Structure formats: C-alpha cells, structure tokens
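Chemist: Chain by chain, the residues run as shown.
2 protein chains.
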Amino acid sequence: MIAHLISIGNELLIGDTINTNAAWLGKELLTCGVETEKVITIGDDDTLIKKALRQSLKRADLTIITGGLGPTHDDITKTALADFFNVGYKTDTQTLEYIQEVFKKRNIPFSESNYAQAQVPENCKVLFNKAGTAPGMWFEEDGHIVVSLPGVPSEMKYLMTTHVLTELRKRATGQSHYVSHYMNLAGIGESTLSDLRLKDVRSLLNNGVNMAYLPGRHGITLRISTFAPSLDSGKEKLEVVAEAIRKQALEYVYSEEKDDSLAATVGRLLSEHGKTVAVAESCSGGFLSNALTNIPGSSAYMMGGVVAYDNSIKEKILGVPQSMLNEFGAVSKPVAMEMAKSVAKLTNADFGLATTGIAGPGGGTAEKPVGLIWVGFWSADEHFAMKLQLFKDRMANKERSAIIAMDVLRRKLSGIKTYPYDVKPEFE
Amino acid sequence: MIAHLISIGNELLIGDTINTNAAWLGKELLTCGVETEKVITIGDDDTLIKKALRQSLKRADLTIITGGLGPTHDDITKTALADFFNVGYKTDTQTLEYIQEVFKKRNIPFSESNYAQAQVPENCKVLFNKAGTAPGMWFEEDGHIVVSLPGVPSEMKYLMTTHVLTELRKRATGQSHYVSHYMNLAGIGESTLSDLRLKDVRSLLNNGVNMAYLPGRHGITLRISTFAPSLDSGKEKLEVVAEAIRKQALEYVYSEEKDDSLAATVGRLLSEHGKTVAVAESCSGGFLSNALTNIPGSSAYMMGGVVAYDNSIKEKILGVPQSMLNEFGAVSKPVAMEMAKSVAKLTNADFGLATTGIAGPGGGTAEKPVGLIWVGFWSADEHFAMKLQLFKDRMANKERSAIIAMDVLRRKLSGIKTYPYDVKPEFE
Chain A
0 MIAHLISIGN ELLIGDTINT NAAWLGKELL TCGVETEKVI TIGDDDTLIK
50 KALRQSLKRA DLTIITGGLG PTHDDITKTA LADFFNVGYK TDTQTLEYIQ
100 EVFKKRNIPF SESNYAQAQV PENCKVLFNK AGTAPGMWFE EDGHIVVSLP
150 GVPSEMKYLM TTHVLTELRK RATGQSHYVS HYMNLAGIGE STLSDLRLKD
200 VRSLLNNGVN MAYLPGRHGI TLRISTFAPS LDSGKEKLEV VAEAIRKQAL
250 EYVYSEEKDD SLAATVGRLL SEHGKTVAVA ESCSGGFLSN ALTNIPGSSA
300 YMMGGVVAYD NSIKEKILGV PQSMLNEFGA VSKPVAMEMA KSVAKLTNAD
350 FGLATTGIAG PGGGTAEKPV GLIWVGFWSA DEHFAMKLQL FKDRMANKER
400 SAIIAMDVLR RKLSGIKTYP YDVKPEFE
Chain B
0 MIAHLISIGN ELLIGDTINT NAAWLGKELL TCGVETEKVI TIGDDDTLIK
50 KALRQSLKRA DLTIITGGLG PTHDDITKTA LADFFNVGYK TDTQTLEYIQ
100 EVFKKRNIPF SESNYAQAQV PENCKVLFNK AGTAPGMWFE EDGHIVVSLP
150 GVPSEMKYLM TTHVLTELRK RATGQSHYVS HYMNLAGIGE STLSDLRLKD
200 VRSLLNNGVN MAYLPGRHGI TLRISTFAPS LDSGKEKLEV VAEAIRKQAL
250 EYVYSEEKDD SLAATVGRLL SEHGKTVAVA ESCSGGFLSN ALTNIPGSSA
300 YMMGGVVAYD NSIKEKILGV PQSMLNEFGA VSKPVAMEMA KSVAKLTNAD
350 FGLATTGIAG PGGGTAEKPV GLIWVGFWSA DEHFAMKLQL FKDRMANKER
400 SAIIAMDVLR RKLSGIKTYP YDVKPEFE
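Protein chains in written order, with numbering that gives the first Met the number 0: chain A, 0 to 427; chain B, 0 to 427.
Since the hints were made in silico from the structure, they are not lab data. Hints may be right or wrong, so weigh each one.
Identical copies look the same in the list; a pair holds intra-copy or inter-copy alike.
[Stated by the list, open to error] With a straight-line Cα cutoff of 20 Å, these simulated SDA-like cross-link-like pairs (lysine to any residue) come out: (1) K156 x T16; (2) K332 x R105; (3) K332 x N106; (4) K103 x E189.
In this text the structure is predicted, and so the values were computed from the model without any measurement.
Excised from the complex, chain A in its bound form (with noise of 0.2 Å):
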C-alpha cells in the first residue's frame, strides 16, 4: 500500500513550526506495510488542498492529511474536503455532546465555531476525538483511503493509534511486513565505509534489501530493510546482508540498535566489565564529560574530569610538569599521555582519557596548525596517545576528538586490536 501525507498549515512554511508529524506517520505507517512515498506540506488554501488531494488519488492508496481542521476562520481543510467530494454537511452527536460537555465543565461558554467542530462531510465516518474537540474523518471512494486528522501531534498521534493504525493492520493482513535493522558504526568516514569495506556488500541488494546510510553526529548508522511476507523470513533476508557487513567492518560496528549512542555503549561496556574512566580535557573543552554524563546512570562508572583549559590547571591540578609545557607545548604527545595518565591516578579511574589541541579557529601556527589534537589514553596495561589532523571548524574539532576518545576505550574494552581508521597509537 503506497500512501501520501498532505501536511497543511501556514505555520509549517514560515518555519515557526517543524513538521514532526510527517516522520511519525511515515514510521508508523511502515508498520502496518505501508509504505509513505511524498509528503506534501501546503498552506490553508482552498485551490492547494484540493488540487494536492486530486494528485494524490492518482497515485496512493492511502492519503492522510493533518492540519486545518481548528475552529478559527483560517482553518478550511473540511469545507475544501466537503467541496472535493462535492457533498453537504452532517452533525455528528457524539462529537456534538462531547464538546457541550468538556465546554460545561470549564465553564467556558458554547459559541457558534464549537457548534461548527461537530459537522462533518456527509461522505465520511467520524473518528471520535477524545483528545480534543476536532474529530478525525476517514473517507473511502473507488478503493482509495482519504484520512483527515488535526495538526496537533497528540490529537493526530491519537487518532492514529486508536482509529487508523488498527484498521490499516487489518487490511495488511497477508501482505508483506516491514522489516528493519539498524547498525552504528564509528571511527570511519562514510566514503571510506563504502569504497573499501562494503563495495561488495552492494551486490547483495538486488534482493529486495535496501541499505542506506545515515551519517550523524556519532558517526554513521546503516539501516538495512525489505518487505517481506513474514517477519521472520524478512529478518533471515537482512541477517544475510548484516553478516557481510560485519565480516568487513566488525570494529567499526559499535552496535545493533537503533538510536543507539557510542557513549551509550561505552558506558554498557564499563559496567559489564565493572571498571571506571576519568577523562581531562583540553581542547574538547566538556564535550566528552558531558557526552559521557548524558547517559542515565553514568555516574556508576564516571569519575569525572579536568577540563584542563589553561595551562596553569594542567600544571596544578593534574600535575603535568611546567618542564614538559615548555619543552614540547601543550598541545604535545607527553602532555596528552600525562593528562591521561594523571586524572586516572587522581581519581582512581580505571581509565584515564585525554584531549589536547588546537580547536580554532584562532590559536594555529605553522608547526601546529587549527585541528592538530592529540588524544591521550591511559590504563594500567597501556598508556598511548595518538596524533590527530582534523578540521578547521571548532565544534567539529570539539566533537571528534571527544568521539575518537570514546571509540578507543570501546575498542579496548571489547578487545579489539585495531584502532579508529588511520589512527595510529604512538607509545612512550
């Protein structure tokens, strides 16, 4: 089943509000098989709305549209739906003592627009609203669906839940399911990812499966999906390509779950292992604490940090020796393993992670220029750190080398050997 969303408001094309509806639908509607192919955003205008309606029972079996159905003079999506199927108005009681009930008990008096909320086009059966007073209308003609629901997401959410999602499940009945799996990758570029390691993966597509790359802050997430006749031979179909994937790239997969993050995981992999990190950053500034601490429960296993801004805080609280500053700067191989090794010792972490650099953009030099860091790590068996080219951008700079530090003790956490592509360590 193909279907189209129509999303309708004003306030979606002025940018004043984002349209999260049409992502929630389109995940939902997946669920039942159904597969979203356009989404329409328009503004409350009559001529628009119905000629995006006759354009979309052209192609889809199923239209939602959401939004325009409020009580002001601006909202018209039911008059241009009673005009589209060219019939009148009928009242729908249930609807009618609802709102003369919820009115009564606010005290609120019962005006005309109320009254107005309770008619609907002849042709439609009422989805009753209890999360609001504007019901939900679903339409049928010559085999296709047309759903309209209000643009506030819980009333939509509710109406969907309660009314549509069940009478779409139905209908699937027998066809094919969607079937998804996800995979988080870290430590490699989306080109690199694609070119060398899963050039040959592709040829496994012409199943049916489909892989996309999502790049994201973390790193790259790689959704594989089919339609299948059943869940369980839709999952035997992804597992194959899923296998492939992890014979190329297994240490770059830090997991198999869906909006899953690699401070997430590492934070699983401390508390499996029952050990602890400390981290003292510089030019990362927080980005790693905080990444660290946004997972609920971190405070088992992180210690804590230094961010070790100025120099005068390397010196006196962690330790790193005024020689060493001078000899080698800041932004150095000894300071990075010193930082690392000295918040661990302080705080009696298992683990000790480091960042030193040059975020920029200001502050680069000929001989260490914007986007030089050096990511210090230290444990009771290792004590590295390794040397960085990254970007001229700050918050870039921040979040990779925060990210490269989180990715190593993953790795050595798992007992993997190998480290992020083309990062090497450099010991004592």
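Use these hints to put chain B onto chain A, whose structure you have.
Modeler: Here is chain B on its own, set in the frame of chain A:
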C-alpha cells in the same frame, strides 16, 4: 517571488529523520521577501525527483532541492538534475582540489566516489562548499532558479547563508523590504513572559508588525518583523515595539543579535571586564564547560574546571570537607557554595560557578527529588547558592542548571541586581 522546496531522502519518509531543513528554509527565505508555497518530500527516486521538478517549475520562481548529494550509491539527485536538464558533466576544480587537500591532510585515500563529488552538471554555477565535500549547484533556465544543496543541515545552512540568501536579497531590490529584529531572553519562561510582562506590547502589533516567540535551548528569542517600503522606515516601526519590550523585560534580554548565545554574551562581558571564570560541575556533568568553550576565543577568559561527578573528586580535587558531605549531602547549599569558591581559588579565577543536583531519571528521594539542583556562585564580593526545582528529564536538568549559572554571571557582570525569574540567592 514564490518558492517550492523539494526535500529528498528515504530517511525523511520512513521517519528516521525529521525534516528541519524545510522550516529553516521557509523562515530564511521570508527575510528575502520569498514566500514558500509548497514543500515536497520524496525518496531518492529518479522518476519522482524529475516529476517534482517539472511540477515545481510550472508554479515557482525558485526551487530549492535539499538532499541526495552524498558520495554513496543511494544519492542520485545530481544525476537526476543532469538528466532533467539534459546536459553532461564538468569537473569543478576548486571543489576537487579542496576535497583532495582535505583527504590528504587527514591521510585518507582518495577514492572514486570522492572524485565524483567534484563532478557537476555542465549548466550549473557551483556554490563552493567549505562545510563539506558536496558542492551546491545553482541552475537558471527560462527565468526559473533551481538550487540544489546537501541535506546535512550544517552544510545546507552554510551554502544558503554564504551564497543563496545574499543573491536572493540582491534580486529583491525594489520590492518591499522585510525587516526583522531579534531579542534573546534568558531566565524567564514563555508563558510568564507573555502573560506577565508583554501583555501590553501586544497592542502595538496592529501596525503591521509581527512578534514571534521562538523558544530555544537557551531561553526565548523574540523576532519582531515587518514589511516596509524602506529599511529605515521598517526599523523605525520595529524600534517602537523593541523599546516597549525593553521597558517591560530589560533584565531578561541578554542580547539583541540574531543567533547569539548566552555563553557568547557571558564571554563578551568577561572579556570587556578583563575577568575570568572557572566551573565545578556535578549534575551538569560538563554541559556548562562545553557551552562556555564552544565560543571561539574562550580560552582567554575560561580557565577550565572540574567535573566532580564522584564525591571523591569533590573531596580530593575541590577540597570539599568530608564532614560537610556527610552532614548535608552532596546536593546541598553548603556544598554548592564550597564547590564554586574552591574551583575559583584553585584556578585563580575571578568567578566560580558550581552545580550539584539530582539530574535523574534515577537517584531521587522524597527529600531530594529528581530535579532538585543547587547552583553555587563565588566572587571576591559575593558568595551564595540558589535552590532550583527543575524537571524529571535528565538532559533538560543538565542544560537548565548550566543556563541559570551563566545567566546569574551575566547579570553580575552587567550590574543587574535581580535574578532569573523565581530564583532566589541564599547567602551564608
């Protein structure tokens, strides 16, 4: 000028990504007098892309396409465009050299798909992309403008700001001018601001001046805007409203610059006064340090700090007496005050800020529930802490406690005697 937006990407249709680009574009285009009539969201599908383009060219003066320009096989916008315009490809040498340089610096092999990034349809003007590797493209045929941009928000925004909006503003000359003014507020909620402070300002808005509340992570931005025959006459109209807002809520207005952050404002004030700050974070876990160090040049006034997540760090590094921790608990007024003072002394900073609280979701008790947070402040003249009862949400608690700490420092540096709404300092 009428614009249509075409957002491309399967991830938008299956709900993995919310289309925030469309809202941003709609808002920014308005500032050039361009009205967005429609947004069409479709997948990475050659036929649908060309169909959407054809339909758009019939109605719109300007079509902006986002997405589908990545280096992998599922990104097909560029080939669809070349096909649509029936042209071949040319190599953009500036982009090629830039990508090669970037890859060389990072020591990543230059692969075939990277080379393809610098190939563009013959008939386009290239919009050089410093924020990524996919260039933007500007097509102009029979009076229609078609712009193709990467879907990654940071790259899209960079290309819009650097190239597209400037060009559109140039072409808008002679039309009525869109004039806007932004006022950023912290330390007050949207409804309190609207009901208690700005009630009377509303009556000034019948003059063609629009006022929008844009709640953001930092607080609230008020955008007042109007269309006027000249920039000067527009500015005059806005100034009347701005002055009324200042009269009602001056102490909450931290700046009147678009996209300005509270952290940047605090940074400017510290620089102006030649003062420095250090932070001791427990519940905010690095959020405050990270926010302050996001500002370029912050190393001049941000000494750094301590993420005192574990109590042992509060004791060992910050010297909070064990007896105090035992008597009052880590989440308490004396500990917040001690942390603020100690981190300032330790780093020789002029100001010390501290947070300690129950970020949640776990760790709350009847006496100290989730969301209870103490923020400490120390300077040579003043030493106090503020008790906050915030949210159930961990991320919101980290963020809001950091913002209140920054806002209090802003007020001190600006000579403002009041505190954020409903926040009271408790001195020793």
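Chemist: Against the structure, test the hints numbered earlier, and report the numbers of the ones violated in rising order.
Modeler: Failing hints: none at all.
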